[in-house]
Amino acid sequence: MKSFNYKKHNDYSWSMIIDLDRCNGCGACVIGCQAENNVATVGEDEVGKKRNMHWLRIERYIEGEYPHVKVRFLPMMCQHCAQAPCESVCPVYATYHNPEGLNVQVYNRCIGTRFCGNNCPYSVRYFNWFDSSFPEPVNNQLNPDVSVRERGVMEKCSLCMQRIRRGKDTAKDEGREVQDGDIQPACAQTCPTGAITFGNINDHESKVYKMAHSGRAISLFEEKGTHPAVKYLKGGTNDVIG
Amino acid sequence: MSLDDNVKRSADAGVAGGHHGDVMALPEIESFRDPETKAAKAHYDDADIYRDEKGFNEHTLRPMFFTTKSYFIFTLALGLVMAQGLGFFVYQTFVGLGMAGIHEPVYWGAYIATFVFWVGMSHSGTIVSSILRLTQANWRRPILRAAEAMTAFSLMVAGLFPLIHVGRLWRAYYMVPLPSQRMLWPNFKSPLMWDFCAINIYLTGSMTFLYIGLLPDLAVARDKAIAMGNWRRHYLKVLALGWRGSHREWSVYNKCSLFLAVIILLIAPSVHTIVSWDFAMTMTPGWHTTIFGPYFVVGAIYSGIAAVITLMITLRILFNLDDVIRKFHIDALGKLLLVIAIIWTYFYFCEFITNWYSHKPEEWEVMAWQGHRFPYHLMVMLGGSCLTIFCLSWRRFRSCMPCMFALTLLVNCGMYIERYLIVVPILSRRDNPFMWTDYTPTITEVGIIVASFAYFIFLYAIFIKLFPIVTMADVKEGVIVSGDVRLGRHAVRVQVKE
Chain A
1 MKSFNYKKHN
11 DYSWSMIIDL
21 DRCNGCGACV
31 IGCQAENNVA
41 TVGEDEVGKK
51 RNMHWLRIER
61 YIEGEYPHVK
71 VRFLPMMCQH
81 CAQAPCESVC
91 PVYATYHNPE
101 GLNVQVYNRC
111 IGTRFCGNNC
121 PYSVRYFNWF
131 DSSFPEPVNN
141 QLNPDVSVRE
151 RGVMEKCSLC
161 MQRIRRGKDT
171 AKDEGREVQD
181 GDIQPACAQT
191 CPTGAITFGN
201 INDHESKVYK
211 MAHSGRAISL
221 FEEKGTHPAV
231 KYLKGGTNDV
241 IG
Chain B
243 MSLDDNVKRS
253 ADAGVAGGHH
263 GDVMALPEIE
273 SFRDPETKAA
283 KAHYDDADIY
293 RDEKGFNEHT
303 LRPMFFTTKS
313 YFIFTLALGL
323 VMAQGLGFFV
333 YQTFVGLGMA
343 GIHEPVYWGA
353 YIATFVFWVG
363 MSHSGTIVSS
373 ILRLTQANWR
383 RPILRAAEAM
393 TAFSLMVAGL
403 FPLIHVGRLW
413 RAYYMVPLPS
423 QRMLWPNFKS
433 PLMWDFCAIN
443 IYLTGSMTFL
453 YIGLLPDLAV
463 ARDKAIAMGN
473 WRRHYLKVLA
483 LGWRGSHREW
493 SVYNKCSLFL
503 AVIILLIAPS
513 VHTIVSWDFA
523 MTMTPGWHTT
533 IFGPYFVVGA
543 IYSGIAAVIT
553 LMITLRILFN
563 LDDVIRKFHI
573 DALGKLLLVI
583 AIIWTYFYFC
593 EFITNWYSHK
603 PEEWEVMAWQ
613 GHRFPYHLMV
623 MLGGSCLTIF
633 CLSWRRFRSC
643 MPCMFALTLL
653 VNCGMYIERY
663 LIVVPILSRR
673 DNPFMWTDYT
683 PTITEVGIIV
693 ASFAYFIFLY
703 AIFIKLFPIV
713 TMADVKEGVI
723 VSGDVRLGRH
733 AVRVQVKE
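Heads up: the sequence lines are chains A and B, in that order.
First residue of the first sequence: 1, per the working numbering; consecutive thereafter.
First residue of the second sequence: 243, per the working numbering; consecutive thereafter.
These aren't lab readings, by the way, just hints derived from the structure by calculation.
The beta-carbon is built from N, C-alpha and C at its ideal position, and this holds for glycine as well.
Just so you know, not all the hints are guaranteed correct.
[As the list claims (entries may be wrong)] Below, simulated DSS-like cross-link-like pairs (lysine-lysine); rule was C-alpha separation at most 25 Å, straight line:
1) B:Lys718 - B:Lys497
2) B:Lys707 - B:Lys466
3) A:Lys224 - A:Lys172
4) B:Lys602 - A:Lys224
5) B:Lys707 - A:Lys224
[To be verified] Derived coverage of chain A by chain B (criterion: at least 3 residues anywhere in the stretch with Cβ under 8 Å from a Cβ of chain B; other residues may be distant):
6) 43 to 56
7) 107 to 113
8) 136 to 145
9) 158 to 169
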């Protein structure tokens, strides 16, 4: 049986905790992610057809009838499942599990069967329907650490793989383990209320470990048995609107 | 025993049976064309057209060597339809798959539904022909070739759809397990990989089956082409593999076709089971069900047999083969269709009843969404089950050619919609309610799918002009192996095995 949190075999097992009580749905993380990861902007028409590419999206749920309305926000990105349904169905190994518990997408292997997207219960895999365009001034803000994807491949949240690499390199140069705060994905960095925390869940002193064991932590669609690395701290007691 | 002997004996049988007023003369040709006359039934096996072998060859090879002007116009029209589909496909490949109507989370749309439909169609020919071969159903003989060719061509069409559907067509060869510099082996855990293998195996198998069955007829066609000085002699000489019809050749041929029939019978159900596993092996509610394997196989055989009937009636009319493909054959195929229709109906309702009874919220949502497509379901229920079962229960309906033609077309329309309903609405209502959407195919998809139908008909039309469409050898064998057994005053037609 696969060890779900990769505790025994590896130093690192990356995890992300999202505090739903702190999220106010501002959407800054979406923009931060888009800027960091060269996510394509597809335009109004395509968004209308549900072809937006946001690796991280804010799901908005409205409860109750007017005037007693409650709005809930749920930042949703790739959950990096330990038992990922997308991995087993890819015929060319374009998506696989890396030793640090991340679900990784290899763009160069992908042939675009979109089977992974069909098997993802969270619907967080995005397909490049067209070649992405970055017209004149926008091309200057492209992140050189991240490849621009070709049309016809799947892509999804990588938990800012390039930042994880850099954080590990720096720690190695300084002769130490990665500590809390060394690595911050773009969304966590951008979040004004600090709802998103990233860290190494193998380190029992880390914030994410403590939060994941706080009793408030839940996994989405737990009954699916996917064992996600992204966990949510359940909220709902504070009313954002109304 | 020669063919002439047989004919003589059958003529005697007719006398002994006391079916005819005129004891000496054979019945008129016209009377055989109507299955309702007793004479035709008694002589259905070795009737007038088989009396002289040459005449029979001449008659059945006529569609191959004689081409009318309207044939060229028809194929040209098909070519135009194919050209527009090709145009859409090339445009989609260069611009991006966004040209199709699919979007998140409906990642599979009409392309995959059409793929399943064509793979289903392919189950008609080879599986029907191998079942009938193995059970030694004597009425199978004239229809074998046409059915087997259908398998090969619908698989060729089906095989195109995964290629049309993938995002990076130019990298699709990554699926092929080639030990290469890429150092990448395909993921054999993926149902798509099984599918890829299954389709290839089935295509190879059914092509071999078709070709082996063709051999003796190719030789006849070759001899005729050489005698005529027809251009077809060039490829027929090569393809007929120097068949002379020696005793040894026949014995090897018979063993080989029996062996292939058994192998194909094993492969065919596994192929469509694997196609169903593309859906059933996922964790998507509505797809993840154990019933899909047998459900798809039965559905495939169902739409396949319906298509065989449609095709037989078309051939019968277009090529004036109504003395070879008789009303009797359509009637027998109709009975087979009736049985399959009943089994399929069971599965169709089973799927809903289990969902309805367990009432799991995520599956129930899919069901409720299916409810919004009630007109489609009505079409499936009418075309696929209720109307078909009702109509096919009547013997008079089964031997009415226009009725059968219309009904079998309706069955396949119903089955196409059924495949669409399996693929699309279920993806529209996935686990995550935030992503619920609807899907409509675009003009690109419609164009390519219409072209695929034209492509299938085109392949078939070309095949008819290049190869003998009637299984001449099998029909003649049927005449040879059948004989009459006298039981008192009556002669009974039986198959005599050597």
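To see whether the hints hold, each was checked on the structure:
At most 25 Å may separate the alpha-carbon atoms for a hinted pair to count; lysine 718 (chain B) and lysine 497 (chain B) meet this at roughly 18 Å. Between lysine 707 (chain B) and lysine 466 (chain B) the alpha-carbon distance is near 14 Å, which keeps this suggested pair within the 25 Å criterion. For the hint pairing lysine 224 (chain A) with lysine 172 (chain A), the CA-to-CA distance comes to about 37 Å; that exceeds 25 Å, so the pair is violated. Using a Cα cut-off of 25 Å, the hinted pair lysine 602 (chain B) and lysine 224 (chain A) holds, with the two alpha carbons roughly 14 Å apart.
For a cut-off of 25 Å, the pair hint linking lysine 707 (chain B) to lysine 224 (chain A) is broken: about 56 Å separates their Cα positions. Check on the stretch 43 to 56 of chain A: 4 of its residues sit with their Cβ under 8 Å from a Cβ of chain B, so the three-residue criterion for coverage holds. Under a criterion of three residues with beta carbons nearer than 8 Å to beta carbons of chain B, the stated coverage of the stretch 107 to 113 of chain A is upheld, 5 such residues being counted. Here's how the stretch 136 to 145 of chain A fares: 0 of its residues keep a CB closer than 8 Å to some CB of chain B, so the rule of at least three is not met and the hint is violated.
For the stretch 158 to 169 of chain A, the stated coverage by chain B is not satisfied: 0 residues place a CB nearer than 8 Å to a CB of that chain, which falls below the threshold of 3.
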